[in-house]
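Each protein sequence line maps, in turn, to chains A and B.
The opening residue of the first sequence carries number 1 in my numbering; numbering runs sequentially from there.
The opening residue of the second sequence carries number 111 in my numbering; numbering runs sequentially from there.
Don't read these hints as lab results, they were simulated from the structure.
Each hint should be verified, as a subset may be incorrect.
Claimed, not checked - Straight-line Cα separation of at most 25 Å, DSS-like style, residue types lysine-lysine; simulated pairs:
| no. | chain 1 | residue 1 | chain 2 | residue 2 |
| --- | --- | --- | --- | --- |
| 1 | B | Lys386 | B | Lys309 |
| 2 | B | Lys352 | B | Lys424 |
| 3 | A | Lys62 | A | Lys96 |
| 4 | A | Lys106 | B | Lys369 |
| 5 | A | Lys39 | B | Lys358 |
| 6 | B | Lys352 | A | Lys39 |
| 7 | B | Lys358 | A | Lys106 |
Nothing here was measured: the structure is a model prediction, and the numbers come from that model.
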Amino acid sequence: MSIQNLNTFDPFADASKGADDDVQDGLVHIRIQQRNGRKTLTTVQGLSSEYDLKKIVRACKKEFACNGTVIEHPEYGEVLQLQGDQRENICQWLTKAGLAKPDQLKVHGF
Amino acid sequence: MAEDEAIFDPTLKKKKKKKKTTFDIDAALAEGDAPESTTNGLEDNEAPPAQEDADDNADIDLDFTKQKKKKKKKPFSTDDLEAALTDIKDETGAGEGGGQDDEAIDDNFDLDFNKLKKKRKNKKNLDEIMAEVDDKTDDKENVDDNAITWTGSDRDYTYEELLNRAFEIMRDKNPDMAAGKKQKFVMRPPQVVKVGAKKTSFANFTEICKMLHRQPKHLLDFLLAELGTSGSVDGNNHLIIKGRFQQKQLENVLRRYIKEYVTCHTCKSPDTILQKDTRLFFLQCETCGSRCSVASIKSGFQAVTSKRAAIRAKTA
Ligand SMILES: [Zn+2]
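Chain A extracted, bound-state conformation:
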C-alpha cells in the first residue's frame, strides 16, 4: 500500500532543480549575449529533443520578425539562437504553445 503511494511521488523531482551538470534537468535556459554594438543574441537551451527545433525556429522567426537558427552542440544538444533580445517573446511563445511551463523557463541576463 505504502509503496504504491510512493509511486505517485518522485523523490528526485526537486533534485533536478539543484542543477548538476547536464541539460536534461527540465529547465529551459534563455540567455542573452551582446554582440557588436547594440546588437544582441538570444539563445534557448534545454528544449526537449522530442520537439522539432527547426519547426520551432521557423515559427519564431515569423512571429518575432527576426532571424534565427538551430545550432547542434555536442554537450547541450540542439540550441535555438535568435537575433535580438527575444527573451520576453520566446517565454510567452513557449508557454502559449504549451512547449514549456512558466516555471521551467529560466531567463538569464541583465
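Based on these hints, arrange chain B with the ligand on the given structure of chain A.
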C-alpha cells in the same frame, strides 16, 4: 424586523438568534463564522446593539461568552496590526535615511555619479519595500481571519488554519523574529563606468563582495555566466566586463545573485555562509540554521559572437 423583535422580545436570547439568522446557538456558533464577522463589524460600528448586549441579563452573557471573546479579540488584533504597520513604516523611513547615508558616502567615493540617477534607484527600492509591506499586511489580515474562524465552533480546524495560528503565535511572541519581519538588506549600488566603447568597469566589485561576504570569484563566475560574456578583475580591483552594461542591468543581476546565493531561502536573513561540499554549494543560515543546496553556476551554451574570420585565422 421590528415585528420579529416584538414577538421574540421576552427572551432576548432568541432575538439574538434571529439576528444571526440561524436556528440554534450551536449551529450559530458552528456555521455562523462568515455572517458573524459581518455582524461583528456591524456591532463594532454601531453603539446601540453593543449597549443592549451590556444591558442584557447574565445568562445571555454566559451563552455568548465565546462570541464576546471573539469580539474583544477582533479590535485587539486590528490594533496590533496598526501598530505593526506603523512600525514597518518607521522602519522603511529609517531605510530611506540609511539609503541617503549611503548616497553621501558614495558621492565621496565617486563624484562622476550624478545624484539624480541614484535618487531614482533609491525610490524604486523604497517602492519595492512598500509593496512588500502591503503584501505583508495583507497576509497578516488573512492570518487574523483564519486564526479565529474555528475558535468558537465545533468543526475541525484545517491544516492551513493551524499553520497560520502557529505562525501568528510565533509573531506575537517574538515580534522581531526574522520569520515575522522581513529583514531589509541595504545594498550599495554598483558603480558602473564605461571603459571605451566595448567594455564596462564595475568599480566597487570587490567592495560589494565584501559586503555580501562572498568570494569575488563566485560573484564573478555568476556575473559572467549571467551576462554571457567574459571579464576579469584588474589591478585596481575593478571588474572589467566585455560588453556594454548599465548600472540598472548589473543591479538586476546582483539582485538575482543575492536572492539565490546570499539571503537564506527559508528566513530571508542575509546572515549566511556559502560552503562547497563535494560538488555542490550549500547555503548555511546563521540565523535559523537552515541549510540548503543552491544552483551551481553554469554559463551553458555560448553562441559565437566574435568575428568568424578571426576565429578561423586563430585556429588555422
Ligand atoms: Zn535562515
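Evaluated hints:
no.: 1; hint: Lys386(B) with Lys309(B); verdict: violated (32 Å)
no.: 2; hint: Lys352(B) with Lys424(B); verdict: holds (20 Å)
no.: 3; hint: Lys62(A) with Lys96(A); verdict: holds (16 Å)
no.: 4; hint: Lys106(A) with Lys369(B); verdict: holds (14 Å)
no.: 5; hint: Lys39(A) with Lys358(B); verdict: holds (19 Å)
no.: 6; hint: Lys352(B) with Lys39(A); verdict: holds (14 Å)
no.: 7; hint: Lys358(B) with Lys106(A); verdict: holds (20 Å)
Hint 1 alone, counting from the list given before, is not met by this structure.
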